[in-house]
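Engineer: These are the residues of each chain, in order.
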Amino acid sequence: MEGVWDVALVLFQVWVSIVVGLIMLPAMFGVSLGFTDIYIKVLVKILEWATLRIQRGQKEQPTPPSQPANGIIEKEDGSMEEEIEELRRSHPKNLAGGDFTLCDVFYFCKNGIENIVEDQVTQRFTSEELASWNLLTRTNNNFRYISVRLTIIWGLGVFIRYCILLPLRVTLAAIGLSWLVIGTTLVGLLPNSNAKNWLSDLVHITCYRICARGLSATIHYHNKENRPKKGGICVANHTSPIDIVILANDGCYAMVGQVHGGLLGVIQRSIVRSCPHVWFERSEMKDRHAVAKRLKDHIADKTKLPILIFPEGTCINNTSVMMFKKGSFEIGGTIYPVAIKYDPQFGDAFWNSAKYNMVSYILRMMTSWAIVCNVWYLPPMTRQDGEDAVHFANRVKSAIAYQGGLVDLSWDGGLKRAKVKEFYKEEQQKMYSSMIVGSDSHEAFVDPM
Amino acid sequence: MGSTSSTLLKIPNVEELVQETGFSPAHIIRLYDRFKVLDKEGRGHLCPKDFGAIKELAMNPIRDRIISAFFSPGKETVDFYTFVKIMAHFRPVDKDRPKDPNSPEPINSRSNKLKFAFQLYDQDKDGKISRDELLKVLRDMLGMQVTEEQLESIADRTIQEADLDRDDAISFEEFRKSLEKVNIDHKMSIRFLR
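Quick note, the sequences are listed as chains W and G, same order.
Position one of the first sequence corresponds to residue 1 (UniProt numbering), numbered consecutively onward.
Position one of the second sequence corresponds to residue 1 (UniProt numbering), numbered consecutively onward.
Derived by calculation from the structure, the hints in this document are not laboratory data.
Here the structure is a predicted model, which is why all the values come from computation and not from measurement.
Any given hint might turn out to be false.
Result set (DSS-like, lysine-lysine): computed pairs, CA atoms no more than 25 Å apart in a straight line [as the list claims (entries may be wrong)]: (1) K355/W <-> K40/G; (2) K229/W <-> K355/W; (3) K40/G <-> K425/W; (4) K75/G <-> K125/G; (5) K10/G <-> K430/W; (6) K136/G <-> K421/W; (7) K296/W <-> K229/W; (8) K421/W <-> K10/G; (9) K425/W <-> K10/G; (10) K355/W <-> K125/G; (11) K230/W <-> K296/W.
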């Protein structure tokens, strides 16, 4: 009996020293030992091989070539006016614009049916479909037995991910988070000084680096010269709570958010001791002026870290950028846009909060192959004279979408849960009626707020 | 992701569907995936609320008419089979189909597409678009943007042009005649990219 315990103890010690020596210490100094790079390279080779095998297997069954098309049905590009004009051109009466014809209904009908088959918004709240399988059961909608070798590799993958990587990652995450809480509390005991700020930054970055290793995250930062500076506001597209870890690996930010209970609350309370973050009570969030004032005060103080905000307000599936809420753009100050794009091949980072709660989501993250992403720092932008917040927000959003290769949508991410306002239907009616009755007051399409 | 036998197995009556609607198995799988996405609670059928949740459909002025086209009178739910059959109306016309007088008319024939559109107008299904029904559609499509008088004059004009037997209503034949030059196949068809 004693022997078993001794062996277990030795194993445990070996395990801890591996973790500390090979992962934690390098993380603290920002040094990479290259394990993750090798791992990713090997993974890419295996996935390429798997893709070829699947394609070969599929050749027996003739299927249409899978294009990475943006949609599954052909959609007309024309505006409502162009489409209806075309409809009417073949009408015997051939009215030159204006007046109602029975065939007008075809346009709305086809449009409606197209949206039933595929719409731009709903698909953004489900995970992106992969062009080829990446050997994770969860992304395989149509698993079909292809070959023994593929199944073996898949089985090996399951074993490695669940039995080797998962415990390792959970250990790292636990260490990272507890170190964050302990470290920041300790730093918080110091009197305010430059040394305190430096230590606080060090503790934060170390812990986020350990957490990133806990996800096998490989992050490529581009254009580091545009990194957000103090007194500024950093805005980024939102895909998952992990975004914070991704960004905080390369810089220190002041977080903004609601006060939570539980573990998250503990973390929130401790990190605010070492450097100022902006946490709001639930009741305060309703008062937009109070919120704006606190943020303004924060950025006015040039010694405080840049604020990190996700203006979409909710998680989107990383294929598009949805409407940016104008609140963050009304505060003033310099905006530092950041685009984050995950590579879905190695793991799907999107948090579908309707489907998974936080714990299942984290488990899914930790049993994926890896998290690989690109972060682009874009040049700072400020609001121009006479530009309103909505226009500015759209400008920033377009820049981020362009850089990240994401679709730029004007839809509100809040539509995930809310119903579409009647406003949109009225806009359609307005457009149509101006064709029929030829009204002079043809207003442009304005984003509602 | 390509059609595979395992997904096809999950869909009931797949061969019948292929026969009746003319959709390829790959497209039926696409529709099945979409059906499952819309059926958020996984009940196996859709109700009007599920259609209403589609954001872009919500801004369509005649969305309620389109949605009710999926539900037979009196029924509150639509299963996958019926869903695909309705969608089959919008399959592009098969240009090289042999004209077999014994087989039933395909769901996506020009005539059936026109019937689908006709029913969007003719909500009480009496085979005629009455002046009232036309007014209702116009009100849906134009909302508050035009006055009542303008609506009525548009309705009157439309009936005047199309109504050949002077019964103050548009029958299906008159509807068809009025639109005989319109390229129905192009305007009432949805093409799958893959």
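Engineer: Against each hint, give a clear statement of whether it holds in the structure.
Structural biologist: Tested hints:
no., hint, verdict
1, K355/W <-> K40/G, "holds, 10 Å"
2, K229/W <-> K355/W, "violated, 37 Å"
3, K40/G <-> K425/W, "holds, 24 Å"
4, K75/G <-> K125/G, "holds, 16 Å"
5, K10/G <-> K430/W, "violated, 44 Å"
6, K136/G <-> K421/W, "holds, 22 Å"
7, K296/W <-> K229/W, "holds, 15 Å"
8, K421/W <-> K10/G, "violated, 37 Å"
9, K425/W <-> K10/G, "violated, 37 Å"
10, K355/W <-> K125/G, "violated, 41 Å"
11, K230/W <-> K296/W, "holds, 13 Å"
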